[in-house]
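Same order as they appear, the protein sequences are chains E and Z.
With the first letter of the first sequence counted as 1, position 627 gets the number 627 in the working numbering; the numbers rise by one all the way through.
With the first letter of the second sequence counted as 1, position 602 gets the number 602 in the working numbering; the numbers rise by one all the way through.
Errors might be hidden in some of the hints.
[To be verified] In silico BS3-like pairs for lysine-lysine, Cα to Cα no more than 25 angstroms straight-line: (1) Z:Lys-602 - E:Lys-242; (2) Z:Lys-87 - Z:Lys-361; (3) Z:Lys-266 - E:Lys-313; (4) Z:Lys-160 - Z:Lys-281; (5) Z:Lys-229 - Z:Lys-160; (6) E:Lys-602 - Z:Lys-242; (7) Z:Lys-361 - Z:Lys-602; (8) Z:Lys-602 - E:Lys-602; (9) Z:Lys-281 - Z:Lys-399; (10) Z:Lys-110 - Z:Lys-135; (11) Z:Lys-518 - Z:Lys-266; (12) Z:Lys-313 - E:Lys-560; (13) E:Lys-445 - E:Lys-518; (14) E:Lys-39 - E:Lys-518; (15) Z:Lys-682 - Z:Lys-602.
What the hints contain is simulated information worked out from the structure, not anything from laboratory work.
Please read these numbers as outputs of a predicted model, since none were measured by experiment.
The residues making up each chain are set out below.
Number of protein chains: 2
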Amino acid sequence: MRHLTRVLTAAVLLLVAATALADEGMWTFDNPPAAQLQKQYGFAVTPAWLDHLRLSAVRLGGGSGSFVSPDGLVLTNAHVARGQQQKLSAPGRDLVTDGYVAATRADELKCPDMEVVGLASFENVTARVIAAAPKDADETAALAARRAEMAAITKESQTKTGLQSDVVTLYHGGEYWLYRYRAYTDVRLVFAPEETDAYFGGDDDNFTFPRHDLDMALFRVYENDQPVKSPDWLPLNVSGAKEGDLVFVPGHPGSTNRLMTIAQLKFQRDHTYPQREQSTKEAIDALHEYGARGAEQARQAAAGLAGLENGRKVGHGEYLGLLDPTVWAAKEKEEADFRARVVADPALQTRYGQAWTQIEKAQEAHLSRLDQLSGRSLGRTGLARTALSLVRAATELQKPDAERNEGYHDAQLRRLRYRLLSPAPIYPEFEQLQMERSLKRVLDKLGPDDEFAKIALAGQSPAERAAALVGGTKLADPAARKALLDGGAAVIAASDDPLIVLARALDPLLAAQEKWEKENVEGPETAGEQLLGAARFAVYGKAMAPDATGTLRLSFGEIKSYPYNGTVAQPLTTFHGLFDRALAFAGRDPFRSSPRMSAAAKTIDMATPLNFASTCDIIGGNSGSPVVDREGRLVGLVFDGNIESLVGRFIYDGTANRAVAVHAAAIATALRDVYGAGYLLKEMQPR
Amino acid sequence: MRHLTRVLTAAVLLLVAATALADEGMWTFDNPPAAQLQKQYGFAVTPAWLDHLRLSAVRLGGGSGSFVSPDGLVLTNAHVARGQQQKLSAPGRDLVTDGYVAATRADELKCPDMEVVGLASFENVTARVIAAAPKDADETAALAARRAEMAAITKESQTKTGLQSDVVTLYHGGEYWLYRYRAYTDVRLVFAPEETDAYFGGDDDNFTFPRHDLDMALFRVYENDQPVKSPDWLPLNVSGAKEGDLVFVPGHPGSTNRLMTIAQLKFQRDHTYPQREQSTKEAIDALHEYGARGAEQARQAAAGLAGLENGRKVGHGEYLGLLDPTVWAAKEKEEADFRARVVADPALQTRYGQAWTQIEKAQEAHLSRLDQLSGRSLGRTGLARTALSLVRAATELQKPDAERNEGYHDAQLRRLRYRLLSPAPIYPEFEQLQMERSLKRVLDKLGPDDEFAKIALAGQSPAERAAALVGGTKLADPAARKALLDGGAAVIAASDDPLIVLARALDPLLAAQEKWEKENVEGPETAGEQLLGAARFAVYGKAMAPDATGTLRLSFGEIKSYPYNGTVAQPLTTFHGLFDRALAFAGRDPFRSSPRMSAAAKTIDMATPLNFASTCDIIGGNSGSPVVDREGRLVGLVFDGNIESLVGRFIYDGTANRAVAVHAAAIATALRDVYGAGYLLKEMQPR
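Here chain E stands alone, though its shape is the one from the complex (with noise of 0.2 angstroms):
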C-alpha cells in the first residue's frame, strides 16, 4: 500500500514536471528555471547572466524599467511615465498629449516624486526569522515574533549598508529573503512620445493584441545633479527577436493569487470583484463629471481616467476569469490533488491538514462585517487619506518599531515621507468633488446614524461638509504637511485644520475596524496561508514559482501566435498594422496617429516590427520591463497583457496568455525617424 502510494505519487509528480514545462511562473532570482530553460530551450544560465539581467532591472513608479545606457538612462512605460507627465505639466503645457523630448541634457525635467530602486543584493533569512517564534508560542505570538524580527533585520541592514531593505515572504511563508535596495529620487524625464502614439487604441485596445502602440518612456537618474553611472545596463538589439525566439523579462509583478483556496477565490468572486466593478464604476463616473467642467478640468482628470479605466478592464478580465467554469474546474482539481497529497500523508495531515478549513472561516468573518468594513472609508480622496497618514503616524512613531504597523517602520519612514510632502499639484475643485462623493457614499452605504458617518458628516450634507473640509484645510501646500510630520503626536493633537482634526476623531474608529480585522480576518487567513505555504513547500518544494510580491522576478518564453477571435493571433505587427487600424477608423480617436507619426509616415520602413506577443509569464507591475534575449540584449518592452492574459491571476495557461511589448525596432524607428531623438537611441547601442 506505502508502495503503491509512493508510485503514484511519482506519477504525479511526472504529471506536475509535464505541466511545468509550460512558460509559467515568475521566478525568483536565487532559483531559475534552469533545468526547464536547458531542456526546452537548450539555454544555459550563468550567474553572471542573472547579475547582469538583475542590476540592470529596476522598479519605478509602480512598474518596471531597465537601465539602457551606463549614464544612468531607464526605458519604461510612456504609462508608467504618465503620472509624472502630468505632474509635470501646466495650464497650457500638456506633457501628455504632446510628449516631450530633451533637446540636451540640460532639458532633462525632474520629476516631483518619482523613485528608481534596484535589487542591490538578496540573502535568504528563512531560519533567522523562523527561529526567532519561539517553538511553543501559539499562532499568533509567532507571528508577532516572526514580523518583529523581520523588521529588526531590515533596520539592521539599512544602518549597516545604508541600502534600503526589506525582508520578502516568498511562498507564503515558505522562505523569507532580505532584499536591499539601491534607491534614486533625482530623476528626470527625458523623453515620452506623443499620446496618441503611446497609446493608440486607447482604453478599447488596452489589454488586448494585435497592438499597435509605442508606449515607451526614457528617464535619467541622477545623483548629486550628474548623471548617475549605470555599468549594468542593456544594450539595444535593433533588430530584435521574431517569432520562435527564446526570450526573458526580468520585472516586478505586482501580485498574483495562485496559491489562493477554492474559498477564498469564491470570496473573489462573490464579493470582492462586484463590489471592485461598482467603486472603481464610481470613481470613473466623478472623473467624467470633473473632467466635463472644462479643458483644464478633462487635462487633469485625464491620467487618473487612464489608470481607473485600466483598472477597470483588468478587474472585469480577472472577474470573467472566476466566473469561467474551466479555470473553476482547474483550481478545483489543483486544490484536490494538493490536498489528497497532504491527507495522504499523515504527517503532513496533522500540521497542515485544517489550514483550509481556518481560511474558509476567515471568510466568513469577514462576510459577516463586509459592508462596515467596506463603508467605513473616505476612498480615493487624496486630502483626506494624507490626513489620515499624518496622524496616525504620530501614533505609530511613538511605539517602537517593532510594534509598529506596516509602513511606519523606521526602515519605511523615507519613502513614507517621500510620499506625504510630494511637490505634486493638487486640485481643490477635484479634491472637493471627490470628497462629496466620498461622504455621498459613506452615507448611503452606512446610513445618518453609523458612529463613522456621524463623524464624517458632522451634521452637514455632503455637499456642505466637502466644501468646509477642502475650503478650511492647508494639507495642499507640502509646507503645511511638512510642518504637521515633523511636529509629531504634540503638533497634530493642536492642530486645528479641519481635516486633521477629522482624521483624528476617525482614527479611532478606523484602528478598532482594523484590529478586529486583523484578529478575525487578516490573522487567520495569514496563518492558514502560511500553513498552506509550509505544506505547499514540503509537498512541491522549489518547483513551483511563489506568488508575485512586487519583487525582482524572471519570467521567460518565446514569441508565438495563439488561437483567438476563430483564427490565429498573429505573434507581431508592424507599422503597416498602425496605420491600417488609424486608416480603418478614419483616424478618429482614439485610433489616431500623432502629427509627428503621420508626417514619419513616408519615410519609415512600414515593414518594421512594432509590438509583439510572449508566453512570458507577467502581470500588472511588470509594465515597462525590458525584453532581452539570450545575450541579454534588449529586444523589446512589456507594456501589457492581451484579453486571455488577465485571468492570470489565478492560473496561468500558455494556450493564449500573452505579455504584449514594444518591439526593438520600433523603439528605434521612434527615436530616430518619428521623433528627432536619434542620439539617445546612439546612447542604447552597445559598444
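Starting from the structure of chain E, add chain Z where the hints point.
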C-alpha cells in the same frame, strides 16, 4: 378582458417593431422593408431600383453573383469559381494556385458545368396552391394536393415562357410564389486571382474578421457563342463605401432555421451537429490521406478540402451557437412569446396549437431510427451517388410528373441532366479511396448483418469491394452515363456495370427508408411547420422576413465596427493590413502574398480599403453577392461572414453579426495594379 388582451398585444407588437429596427432579414423582392429603410436610413425604395437590383443579380455554383458589365461579365467569389478552376486545371496547369487572367475574349475558358440563372419574374400563386387542397382533405392528402399543384404550375410556366420555373414555399407555407429564371449554361472563366491572394489566411481566417482577401472572380455568360447582352448590370463605384454608409446585398442565401421550434433546435444540438462534426472530420481525413500521396493528388483534393474545411468551420460555429445559453434563452423567449399569442386567441389555438407537439413527436420518431437513417448511405462517394441517381431517375420518370420525387419533375430534368452528364474530370484513385471509407463506415455503423451492409459489401472487405466497384464501372465516362440516362428503365435494368448493379439492389431499400422517413418524420414535421408558418403569418403578418430558401433576397445594413476580443473590430481593412499580417507570419502559409501581389507592393497605395464588415444579414449561398449603394452601384462583394455571424442560422444579433466583403477599391486595385487586367476594370466602369 378582451380589451386588455388587445392592449397587451399592441404593446408586444411595439416591442417587435422596435426589435425589427435591427438590420435583420433576408427580404423577398415583393416585400422589401421599405418603411424601416425610410425611417432608419431615410432611404426610399422604388420599384425601378428594386427591379434593377433583381435583374442584375444571378445565382451560380451554389453561390451568388451579379452582372457587372453590359456584355455579360459576372462578378462572384473566387471560392464560388474554385470548383470550375479546378475542373479546368490539369497536371502542370493549375488554375487554382496560379489564378487565371484571360488576355482577350478568345482566352475566356468555357466551364465544364457552371450554370448561371437570374430571376426574370415572379408572381404570387398562394391562392391557387391553397385552393388545390380540398377543404375536407386530411393533412397528408392536402400536402400531396398542394405539391401536385405546385408541380403543375411549374410545368405550365415552363412550357408557356420557356423560362426555368420553381414554386417557392415561403413562411413555411404562408405564401407560395412562382419564380421564373433565365438560365445560361455557356459560362466562361475570365479572371481569378492567385490562390494565396484570394484566400489569404486560408482556413484559419475563414469566417473571421479583420480580413484581407481578394476573394473575387469574373465569368462571362455566353449565348450562341457570343457574350450575352446584360442591360441590367451594376457599375463599379471605385471609391466604394465607408463606415456608416447604408449598403444593400441582393443575393441567394441558402437556408436559415430561425423559425425552428425548441424541439427541433434540441434535435439539432444533440444529434444533427455532433453527427455532422464526425462525418465532416472523416471526409477531411480522407482528402488529407489522398492529398498526401503526391503533388497531383494534392491538387485534385484541394478544392474539395477547402469546401469541407469551410463546412466544418460553419458547422462548428453553428453548433457553438446552439450550445450558447444566451442564444438558447433568446430562442426560448421567442417561442414562449409566439405560443402565448397563439394561446391567447382561441381560434388560433384550435387551428395551430397542437403544431409544437406534432413537431416534437416527429423528432422522437427520427431519433428512434437515427442510426439506420444515417448509416444506410454511401456518403460522399461521387460515382456511387451518380449510379443511385441514374437508377432512381429510371423509376421516377416512369411515373406521372405530379407523383415524382423532388428533383425528378419534368421542369427539373434539364438541371438533372446537366449535373449527371458533366464532363468534369473524375479521379478513379480518389473515388476508390472514398468508396472504401464509405463502405467501412457502413460496416462500422450498421454491422455485417444489416441488409444494406450485406448488399453494399457483397461479402468482400471494404478495400476489395471498392477496388472491384470503381475498377469495373464505366460511369467516369460522361458518354456511358448519357447512354444509361437516355436509355431509361430498360437499359438500367439490363446494365451489368457493377455500380449500377449495386444501385439497383440498394434502391428499394433506400426508397423504403425514404418512405418511412417521409411518413413519420418529414411529413408530420413539415405539416407542423406549415401550421406554425400559417400561425406566424396570422400573428405577425409579413413584418418578419421568411427563412432563407436559396432564392433571391435583399439584405441591408451599414458598414460598422463591433465589439470583439476585448476591443472593437475595425470596420474595414486596407492593403496595409494584408502586408502587416503576412509580415507577422514571415509569409508562411496560409499568410503568404502571391508573387504578383508582392511585386505590386511597391506601387499600390497601401491605404486602399481591402475588405469591410457590414451588418447585412447573410448566410451561406450569399457568397459572391454584390454589395450596392443607394444608387445601385457596386461597392463591394460579399465573400464571408465573421465568426459571430455563424449563429445567424438560428438567430440574428446585430451587435456582432457581420457580413464580410471585398471593397470596390480593392477590386479595382487588383485588376489594374496587381493583375494587369485594366481592360476588365474599364468594362466595369459606369458609362
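Hints, verified against the model:
1. Z:Lys-602 - E:Lys-242: The given pair, whose Cα atoms are some 24 angstroms apart, holds under the 25 angstroms limit.
2. Z:Lys-87 - Z:Lys-361: violated (45 angstroms)
3. Z:Lys-266 - E:Lys-313: Status violated; Cα separation ~36 angstroms.
4. Z:Lys-160 - Z:Lys-281: violated (47 angstroms)
5. Z:Lys-229 - Z:Lys-160: Within the cut-off at roughly 23 angstroms; holds.
6. E:Lys-602 - Z:Lys-242: Measuring from Cα to Cα gives roughly 24 angstroms; hence the hint holds.
7. Z:Lys-361 - Z:Lys-602: violated (64 angstroms)
8. Z:Lys-602 - E:Lys-602: holds (13 angstroms)
9. Z:Lys-281 - Z:Lys-399: violated (39 angstroms)
10. Z:Lys-110 - Z:Lys-135: violated (52 angstroms)
11. Z:Lys-518 - Z:Lys-266: Given pair Lys-518 of chain Z, Lys-266 of chain Z holds - Cα atoms ~20 angstroms apart, limit 25 angstroms.
12. Z:Lys-313 - E:Lys-560: Cα-Cα ~23 angstroms, so holds.
13. E:Lys-445 - E:Lys-518: holds (22 angstroms)
14. E:Lys-39 - E:Lys-518: Distance of about 45 angstroms is beyond 25 angstroms: violated.
15. Z:Lys-682 - Z:Lys-602: Judged against 25 angstroms, a Cα distance of about 23 angstroms means the pair holds.
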